[in-house]
Amino acid sequence: MPRFNFWTVVMILTWLLLFVLLFIPVGSVLVSSFYDQSGNPTFANYLKFLGEPRFHQAFVNTLVVGFGGLLGALLLGSIMAFCVSRFVIGGGRFVSLLAILALVSPPFIGAYSWIVLFGAGGVVRGFLRDLGINMPPIYGVGGILIVFSLKFYPYVYLMVSGALSNVNRSLEEAAEGLGLTPLQRTFKISFPMVFPALTAGGLLALIHAIADFGTPRLLGRGYNVLATEAFTLYSAEVGSNMSMATTISVILILVSMVFVMLQRYMSRRNVYHGNMINKPSRIRLKGWRNVLAHFAVYFIGLCGAMPVIISVIYSFRKTSGPVFQSGFALQSYERILFNLGDVVRNSLTFSIAAVVLIVIVGTVVGVLVARRTNFNTALLDGAFMVPYVMPGIVIGIAFIAAFNTGPIVLTGTATIIILSVFIRRLPYTVRTTASSLRQISPSMEEAAVSLGYSPFQAFLRITVPLIVPGIIAGGMLSFVTAINELSSSLVLYVGSTMTMPVRIYLLILDGDFGTAAALSTVLLVLSGCAVYIAFRFMGRNEQALL
Amino acid sequence: MSYLTVSNATKQFGQSFMALNGVSVAVERGEFFTLLGPSGCGKTTLLRSIAGFNDLTSGEITLNGANLRVVPPHQRDIGMVFQDYAVFPHLSVFDNVAFGLKPRKVPAAEIKTRVTQALDAVRLGALADRLPAAMSGGQQQRIGLARAMVINPQLLLMDEPLSNLDAKLRIELREEIRDIQKQVDIATIYVTHDQEEALAISDRICVMNAGRIEQVGTPQDIYGNPQTRFVAEFVGTLNLFNPGAALDAMLGHLGLSAAGAAAWAVRPEHLGLIASGATAPADAAVLDGIVTKFTYLGREAHVGVETPAGNLVVQLANPGMAASRAAGEKVSVVVPQSAPMAFDAEGQRLGRKG
Numbered sequence: 001m002p003r004f005n006f007w008t009v010v011m012i013l014t015w016l017l018l019f020v021l022l023f024i025p026v027g028s029v030l031v032s033s034f035y036d037q038s039g040n041p042t043f044a045n046y047l048k049f050l051g052e053p054r055f056h057q058a059f060v061n062t063l064v065v066g067f068g069g070l071l072g073a074l075l076l077g078s079i080m081a082f083c084v085s086r087f088v089i090g091g092g093r094f095v096s097l098l099a100i101l102a103l104v105s106p107p108f109i110g111a112y113s114w115i116v117l118f119g120a121g122g123v124v125r126g127f128l129r130d131l132g133i134n135m136p137p138i139y140g141v142g143g144i145l146i147v148f149s150l151k152f153y154p155y156v157y158l159m160v161s162g163a164l165s166n167v168n169r170s171l172e173e174a175a176e177g178l179g180l181t182p183l184q185r186t187f188k189i190s191f192p193m194v195f196p197a198l199t200a201g202g203l204l205a206l207i208h209a210i211a212d213f214g215t216p217r218l219l220g221r222g223y224n225v226l227a228t229e230a231f232t233l234y235s236a237e238v239g240s241n242m243s244m245a246t247t248i249s250v251i252l253i254l255v256s257m258v259f260v261m262l263q264r265y266m267s268r269r270n271v272y273h274g275n276m277i278n279k280p281s282r283i284r285l286k287g288w289r290n291v292l293a294h295f296a297v298y299f300i301g302l303c304g305a306m307p308v309i310i311s312v313i314y315s316f317r318k319t320s321g322p323v324f325q326s327g328f329a330l331q332s333y334e335r336i337l338f339n340l341g342d343v344v345r346n347s348l349t350f351s352i353a354a355v356v357l358i359v360i361v362g363t364v365v366g367v368l369v370a371r372r373t374n375f376n377t378a379l380l381d382g383a384f385m386v387p388y389v390m391p392g393i394v395i396g397i398a399f400i401a402a403f404n405t406g407p408i409v410l411t412g413t414a415t416i417i418i419l420s421v422f423i424r425r426l427p428y429t430v431r432t433t434a435s436s437l438r439q440i441s442p443s444m445e446e447a448a449v450s451l452g453y454s455p456f457q458a459f460l461r462i463t464v465p466l467i468v469p470g471i472i473a474g475g476m477l478s479f480v481t482a483i484n485e486l487s488s489s490l491v492l493y494v495g496s497t498m499t500m501p502v503r504i505y506l507l508i509l510d511g512d513f514g515t516a517a518a519l520s521t522v523l524l525v526l527s528g529c530a531v532y533i534a535f536r537f538m539g540r541n542e543q544a545l546l
Numbered sequence: 547m548s549y550l551t552v553s554n555a556t557k558q559f560g561q562s563f564m565a566l567n568g569v570s571v572a573v574e575r576g577e578f579f580t581l582l583g584p585s586g587c588g589k590t591t592l593l594r595s596i597a598g599f600n601d602l603t604s605g606e607i608t609l610n611g612a613n614l615r616v617v618p619p620h621q622r623d624i625g626m627v628f629q630d631y632a633v634f635p636h637l638s639v640f641d642n643v644a645f646g647l648k649p650r651k652v653p654a655a656e657i658k659t660r661v662t663q664a665l666d667a668v669r670l671g672a673l674a675d676r677l678p679a680a681m682s683g684g685q686q687q688r689i690g691l692a693r694a695m696v697i698n699p700q701l702l703l704m705d706e707p708l709s710n711l712d713a714k715l716r717i718e719l720r721e722e723i724r725d726i727q728k729q730v731d732i733a734t735i736y737v738t739h740d741q742e743e744a745l746a747i748s749d750r751i752c753v754m755n756a757g758r759i760e761q762v763g764t765p766q767d768i769y770g771n772p773q774t775r776f777v778a779e780f781v782g783t784l785n786l787f788n789p790g791a792a793l794d795a796m797l798g799h800l801g802l803s804a805a806g807a808a809a810w811a812v813r814p815e816h817l818g819l820i821a822s823g824a825t826a827p828a829d830a831a832v833l834d835g836i837v838t839k840f841t842y843l844g845r846e847a848h849v850g851v852e853t854p855a856g857n858l859v860v861q862l863a864n865p866g867m868a869a870s871r872a873a874g875e876k877v878s879v880v881v882p883q884s885a886p887m888a889f890d891a892e893g894q895r896l897g898r899k900g
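Heads up: the sequence lines are chains Y and B, in that order. Those letters in the first sequence? Residues 1 to 546, by the numbering used here. Those letters in the second sequence? Residues 547 to 900, by the numbering used here.
Think of the hints as simulated: they come from the structure by calculation, not from any bench. As the structure is a prediction and not an experimental result, all values here were calculated from the model. Fair warning: there could be bad hints in the mix.
Have a look at the derived ranges for each label pair, beta carbon to beta carbon [unchecked claim]:
1. Y:V468 <-> B:D767: 50 to 58 Å
2. Y:E173 <-> B:D712: 21 to 29 Å
3. Y:S165 <-> B:R575: 53 to 61 Å
4. Y:V468 <-> B:E815: 54 to 62 Å
5. Y:S165 <-> B:E718: 34 to 42 Å
6. B:S682 <-> Y:G382: 40 to 48 Å
7. B:K651 <-> Y:L466: 22 to 30 Å
8. Y:L466 <-> B:S682: 15 to 23 Å
9. Y:R264 <-> B:Q663: 52 to 60 Å
10. B:N600 <-> Y:L17: 48 to 56 Å
11. B:E721 <-> Y:P465: 34 to 42 Å
Even glycine gets a Cβ: it sits at the ideal position worked out from N, Cα and C.
Please model the complete structure; the sequences and the hints are all you need to start from.
Following this line, the structure appears as structure tokens:
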């Protein structure tokens, strides 16, 4: 039976892939954390982690920015979700476009734009100082939390607005009929219905916050978290400490794992599917309430999209060296064209290569998971969860630990960057392919078989055309993630394999914000095109960006 | 030998569940044959075994004399209509119907004429170029029907094709299916759990229960002469008499008896109602009772009457204004001599004496 053989081969290859790209790197991190610098087995790294105040502080700081980001995102996201799904807000589509902008903008550009506005020499801060108002610069934990709240609120907004528009209006009407006041109704009916979405969205923000490297690095000014500590230990010119870096990576994986599990549990509980006969209607507010609702929505939306707006504006400003002059010019773009062409090319080739791999492998494995259900595929499905809990910085360090020496040496190659993006995004494609396959009624293929097509032809002619739009859309969204990837590439890059996000990060460190802004704008345009194509193929579905 | 035969079919799922437990049926050329039963009775399993989507655990299926079990499903040349329509959403109505003609290597010109004919037959000719996604359930199922018919299959299978449609459309479309089937003259096996639909549409009905066949027969046989208590209760409604002195007296009056009878039953529409104390008609017994409930349904009315022989429902056809009864009213129920049916302890119908 050739078909049986084909799927067995796929199964074996998939496990092999996971083994090489996942289990070996994670294993190497784990092993390395139990050895000292000279190669003797030891618990010293963990004892050091427990013993040194510096690491305690980083651990506590990680939790502080995690939960702070969660609270901020919850606050902003739920206000916005509530206003947009319950009140008539002028330009609602524009508001969700602002949320998408915040979501797809490069992670660290946000941090820098806020420095431009509110940093030591910040524009807004300077303006306020001229008016006699002295405000502290944005550096430190406060700044990180502001940036995280504004960067991650779309997770909560998109999840909660989805849940809110699924609450059957009849339930609220029934509560009203039973004599509950509007306030009681909100807390006893509506809130429990969206609670799972709230927690799932909030935890998503938390997971991204503790994995984020760029923001604390640029804004922290001494406020270190686990991700920055791991990178510092790994990259220090003098006294690079790989075993301590891997120890911190293990801790970061564990912390992340707890919250990913929690998040998965909460999103699975998000199952209040009402019949949608009685859709909730939006109320048209009057007077000051209307003004307040519009102000809240637009304030959050514009602040979230502020970094993008700032970088687009600054990319067109006239510069002399790294210093901005008054007036506008295309100098920054000229510099990209003449000096940074290879960086753009790298980013494009790496991302496209990774996306092609992701789409092909992800689709085949997705079919395997959806159609050949047995013990092995359930296990496979579980194994694909692992990359979810790996912050980018950890993936980078793990790949270095695994492929620096030994049978496969990949450090310094383009392959290692492509593979690191590939393995992080693969689970997403496997899952979406499997779930879209499960949504196609089996009678569809049976109908084709009864009409005279062999099962394989039926799959090719009926099922494939039905899932292709979803696959293309998923590929485009993977492209957005791939081309914006900073933290793993930062660990893995060498001079010849530098990507746009890495270059932007280095430009910001060098203080050349004009070029950084122009490069960010290019990145943003590429991401925007990909999101646009994705939405063309699957309909406008902001939730797919999560 | 019949056109399609299924002999001693069994199908086991898991360790112990027998979806089919020794089923044998024979379908003739051009016949409209319906499998009727409650959900889980094995009717769909039998249909899918004939289509080839699941294989039997044991038993034989032959079509036109050839063993069907060795033929892979896509070579069986059997058209199928699905409960969820299974219309291909990415193909136009025309392409959906033409889909089965392509692997049969039908020339393009002939495809055009045959598809157009089939679409006209299901009254979708005007929508040929549309995509089916936005169409109503009734229209989608018409596409499914045309698609299964156009290949001129040796056999047409329909798996509850109307159960997702609303009541009025269901009646309209079942008439159409019946007419089209008679025109194309393809032997058809139709699965349903709706007894009225089965009676309206079929040449013969096979009533199934728990993986076994209860009775095969024409609609008149199935309804008018049910061979088991299950069939009598599933197709139509049934009043069961309480055993006791009142039942014995009534049977004695009618001169009826059956050896080994465990239960006596009567259909509501065979009963009549007269004023309390009025004389019984010839060849009938009367049971005095009290009205417990009156349900008016327009073309008929159901009167619940509490009698010494049990609570009986009497169905009155064309109830006029005067037919109205109030709860607590004294009445007499008329039981004609031909009406009572006797069943043994296993639920088999018994012959009556008298």
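Each hint, compared with the structure:
With their beta carbons about 52 Å apart, V468 (chain Y) and D767 (chain B) fall inside the hinted range of 50 to 58 Å. For the pair E173 (chain Y) and D712 (chain B), the beta carbons lie near 26 Å from each other, so the given range of 21 to 29 Å is met. In this structure the supplied range 53 to 61 Å holds for S165 (chain Y) paired with R575 (chain B), their Cβ-Cβ distance being about 56 Å. The supplied range of 54 to 62 Å is met by V468 (chain Y) and E815 (chain B), whose beta-carbon atoms lie about 57 Å from each other.
About 36 Å separates the C-beta atoms of S165 (chain Y) and E718 (chain B), a value consistent with the hinted range of 34 to 42 Å. The beta-carbon spacing between S682 (chain B) and G382 (chain Y), approximately 42 Å, falls within the hinted interval of 40 to 48 Å. A hinted range of 22 to 30 Å holds for the C-beta pair K651 (chain B) and L466 (chain Y), which are about 25 Å apart. In this structure the hint that L466 (chain Y) and S682 (chain B) lie 15 to 23 Å apart at CB holds, the actual value being about 21 Å.
At roughly 54 Å, the beta-carbon separation of R264 (chain Y) and Q663 (chain B) lies within the given 52 to 60 Å, and the hint holds. A hinted range of 48 to 56 Å is violated for the C-beta pair N600 (chain B) and L17 (chain Y), which are about 34 Å apart. In this structure the supplied range 34 to 42 Å holds for E721 (chain B) paired with P465 (chain Y), their Cβ-Cβ distance being about 35 Å.
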